[in-house]
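Engineer: So the protein sequences, as listed, match chains A and B.
For the first sequence, position 504 (counting from the first letter as 1) is numbered 503 according to numbering that gives the first Met the number 0, and the numbering increases by one without interruption.
For the second sequence, position 108 (counting from the first letter as 1) is numbered 107 according to numbering that gives the first Met the number 0, and the numbering increases by one without interruption.
Hints are computed from structural coordinates only; laboratory data are not their basis.
From the three backbone atoms N, C-alpha and C, an ideal C-beta is built for every residue, glycine too.
Each hint should be verified, as a subset may be incorrect.
Unchecked claim - A few chain A positions that, by computed beta-carbon distances, are all more than 12 Å from chain B:
(1) E117
(2) E340
(3) R388
Said to hold, decoys possible - Listed next, with one range per pair, are the computed distances between beta-carbon atoms:
(4) E153/A - V183/B: 26 to 34 Å
(5) R160/A - E33/B: 21 to 29 Å
(6) Y159/A - G115/B: 55 to 63 Å
(7) E176/B - Q169/A: 52 to 60 Å
(8) R23/B - P134/A: 48 to 56 Å
(9) R335/A - L4/B: 25 to 33 Å
(10) L62/B - Y159/A: 56 to 64 Å
Residues per chain are reported as follows:
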Amino acid sequence: MTTFFDELHDRFPDLVRSVEEPVADQAVVLLNGPDVTAIVRHFIAEHQARIVSVFAEDRVSAEGVFYNYYIFDRAGDPSWVIVKVPIPERFPSFPSLAAELPAINWQEREIQDWFGLEAAGHPNPRRVALHDNWPDVHPLRKSFALDTELAPFEGEQHVYRPTYGEGVFQIPVGPVHAGIIEPGHFNFAVAGEPILYLQLRMFYTHKGTEKLFENMPIHRGVFLAESISGDSAVSHGTAFCEAVERAAGIEVPQRAQWMRVILLELERIANHVADVGAIATDAGFVIANAHAGRVREMVLGLNETLTGSRVLRGTVAIGGVRREWQPGQAEAIEGRLAIVEGEFRDLVAIIQSSDSTRDRLEHTGVLRPEKARTLGVVGVAGRASGVDRDIRRDHPYEAYGGLTFKVPVYQAGDVRHRMQVRIDEVGESIQLIRAAVARLPEGSHRAPTHPIPPGRCAMSAVEGWRGEIVHWIRTGEGNRIERCKVKDPSINNWPAIVEAVEGNIVADFPVINKSFNLSYSGTDR
Amino acid sequence: MFKILQKSFHVGSATADYPNLSPRLAEEFRGCPEFDFEAWSDARPAAEACPTGAISFRDSDGLRTVTVDYGRCIFCGECEAASADGAVHMTRRFELASSDRRDLLLTAQYRLHPDGTHAELESSTSGRGDVLIGKRVSEAIQSLLGRSLAIRQVDAGSCNGCEQEIVALNNPVHDIERFGIHFVASPRHADMLLVTGPVTRNMELALRKTWAATPEPRIVVAVGACGISGGIFGVNYASLGGVDAVIPVDVYIPGCPPRPEALLHGILLALGRMRQRVGAI
Numbered sequence: 000m001t002t003f004f005d006e007l008h009d010r011f012p013d014l015v016r017s018v019e020e021p022v023a024d025q026a027v028v029l030l031n032g033p034d035v036t037a038i039v040r041h042f043i044a045e046h047q048a049r050i051v052s053v054f055a056e057d058r059v060s061a062e063g064v065f066y067n068y069y070i071f072d073r074a075g076d077p078s079w080v081i082v083k084v085p086i087p088e089r090f091p092s093f094p095s096l097a098a099e100l101p102a103i104n105w106q107e108r109e110i111q112d113w114f115g116l117e118a119a120g121h122p123n124p125r126r127v128a129l130h131d132n133w134p135d136v137h138p139l140r141k142s143f144a145l146d147t148e149l150a151p152f153e154g155e156q157h158v159y160r161p162t163y164g165e166g167v168f169q170i171p172v173g174p175v176h177a178g179i180i181e182p183g184h185f186n187f188a189v190a191g192e193p194i195l196y197l198q199l200r201m202f203y204t205h206k207g208t209e210k211l212f213e214n215m216p217i218h219r220g221v222f223l224a225e226s227i228s229g230d231s232a233v234s235h236g237t238a239f240c241e242a243v244e245r246a247a248g249i250e251v252p253q254r255a256q257w258m259r260v261i262l263l264e265l266e267r268i269a270n271h272v273a274d275v276g277a278i279a280t281d282a283g284f285v286i287a288n289a290h291a292g293r294v295r296e297m298v299l300g301l302n303e304t305l306t307g308s309r310v311l312r313g314t315v316a317i318g319g320v321r322r323e324w325q326p327g328q329a330e331a332i333e334g335r336l337a338i339v340e341g342e343f344r345d346l347v348a349i350i351q352s353s354d355s356t357r358d359r360l361e362h363t364g365v366l367r368p369e370k371a372r373t374l375g376v377v378g379v380a381g382r383a384s385g386v387d388r389d390i391r392r393d394h395p396y397e398a399y400g401g402l403t404f405k406v407p408v409y410q411a412g413d414v415r416h417r418m419q420v421r422i423d424e425v426g427e428s429i430q431l432i433r434a435a436v437a438r439l440p441e442g443s444h445r446a447p448t449h450p451i452p453p454g455r456c457a458m459s460a461v462e463g464w465r466g467e468i469v470h471w472i473r474t475g476e477g478n479r480i481e482r483c484k485v486k487d488p489s490i491n492n493w494p495a496i497v498e499a500v501e502g503n504i505v506a507d508f509p510v511i512n513k514s515f516n517l518s519y520s521g522t523d524r
Numbered sequence: 000m001f002k003i004l005q006k007s008f009h010v011g012s013a014t015a016d017y018p019n020l021s022p023r024l025a026e027e028f029r030g031c032p033e034f035d036f037e038a039w040s041d042a043r044p045a046a047e048a049c050p051t052g053a054i055s056f057r058d059s060d061g062l063r064t065v066t067v068d069y070g071r072c073i074f075c076g077e078c079e080a081a082s083a084d085g086a087v088h089m090t091r092r093f094e095l096a097s098s099d100r101r102d103l104l105l106t107a108q109y110r111l112h113p114d115g116t117h118a119e120l121e122s123s124t125s126g127r128g129d130v131l132i133g134k135r136v137s138e139a140i141q142s143l144l145g146r147s148l149a150i151r152q153v154d155a156g157s158c159n160g161c162e163q164e165i166v167a168l169n170n171p172v173h174d175i176e177r178f179g180i181h182f183v184a185s186p187r188h189a190d191m192l193l194v195t196g197p198v199t200r201n202m203e204l205a206l207r208k209t210w211a212a213t214p215e216p217r218i219v220v221a222v223g224a225c226g227i228s229g230g231i232f233g234v235n236y237a238s239l240g241g242v243d244a245v246i247p248v249d250v251y252i253p254g255c256p257p258r259p260e261a262l263l264h265g266i267l268l269a270l271g272r273m274r275q276r277v278g279a280i
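Using the sequences and the hints, build the whole thing.
Structural biologist: And the structure:
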């Protein structure tokens, strides 16, 4: 780390004010002014860095400035670099990097919407988070109260870009969809069957989550984190707890770390099994989904015997996990896991025996590897398109550092391979759980909690079943949260769906969308 | 093809016979908390621990009124852990659906010691105390629909936790179609809207339009703590709270998320095919 610090000081003596490492493996580079461009180019060119997230914080009343934070992941380095950039209140603007880094297109626009800081030079500066009929408000500014009552909205909810051409027409879909899924609006421009251009509008389920975290007692924050995206309750819960634990210097007992690994992998298995079945359904192969539904129920039953909740609610806590397992409970996992393993193997064999299903899934919804890299696609969708990245392996957290496992990576980037990544990962997760049960140490399931000091900042990254989840928090007075930034993997991956559907027929959209299976609630918060 | 048939024969019927048989609940399963109002020496720690404000109290003139709202409860068990006197304990009850919001409320009034602990229980109530079992809804619906029902699910802002369990109603284990109930793609084909919440500002219009597009008589069922009350999200600049803040609701199904059997209970309650189990008990 020190050579990296020296290098930055030497290269950018006028830009860099300080470089610190307040939390292990998290370097914070504070700049003098809002122009981050030179540093970012340096990271990307010299360190093969990847931008993970961009977000802002309102520190006007405390320090007289806003801050933008740019989180970087440097190739082959387990530590994170957080570039912290002051933006004066009088001149609320920062240079946009979205033209160079399409991966942060939405996130920069979120900063515009939530904080009223202009992303100067953004190639598409329209609203993304606030719908077009919202008044001119910036909800994450401290001056905006959580319970502000906004007047009834007027005008168009969305203004879509027009599409022209002979025989070109638009198909609006949503926000209420045909299946049991979350709301979002899709506007397809088509000429005949093939999709020419897809416009997405998300944030229908925006419910003020990040604002709610502010001033929330930390112990309640864990439950809110579980509700960021209900299908990722353990992943988001763990990410939140880890950020707090790192900020406050809480040492999580070994036993709790291994228990968290088991819970995280159970969540992965349950969701992957459901997705495999759902992808088959969307290709018209319903019997596979019936079996997947059964297998998923077996996993949920196991969840319930371990935690009291089928969908793993209320499992993690600051300092560890909420409930200790009774003697024999962990050992009983194996019996059920073996059944799940066998049943899932049969399910996969059934799907693979169907040529017509394979025909529907292969070459459908292709996301090319170079596109995936440019767009910063993460998780399952990334690994199906050649992005060899997994936080569990690259930035080990909890007990993952002591485990070895295979990270499946494919280059084809089609629906079939997004399914294949899931199939492979179910197998790996089963092995991980076995290894974790075998090595589960004795000891405490939870560190004793003390009051958490204010003004501490830290980030955390967790490989949820969908992909990379990042939380960043600042602690406040009285055991409360001052700011909590939540980045769900979905926010990275939505723009990739736009690419993947291009040229495909409208009838294949459901199966393509399902193969990504992004969280609307995680995106919208 | 042979493989597929072989597997189907091998598996046989996977369906659980709820409600004829109670589901096999795990030992650890957490249903709703139960309150021994007589023995409760202090409501404050539980109220402080509750992440959603399901337990609240108001003190005045040495009297404390405690309200417990199962329509906000996420069954987390923090109240049990926080109450040292053992007056709060988690049960395995999950059939909590009700056709009246008030049935989900418990209240207790205490005379207080100077230090704020409870001296004496003055009175306590649970729900209305007089329940017409889903009657209001069921009569018209039953005569019109016979034994079939079409449901349109609407996510009006949920975290997708409830959706996971609603999807599970279609799997072979819970198999909602055995009741003649199925999920449909359009509100125009629907008899029932199964709505999860909280209702966001951005979904308000879509929810109203979906409701308007559903032919009468229509039943609205609000699902989960957020669908009933806004849950942990409550009411804020982006959230309007529960479904009944926007459209009239016939049945409420508590839970976070409600397990599939709890959803089935609520749906069947709305049809008058099951009895309400909270309120006048």
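Engineer: List in ascending order the numbers of the hints, as given earlier, that are violated by the structure.
Structural biologist: Violated: hints 5, 7.
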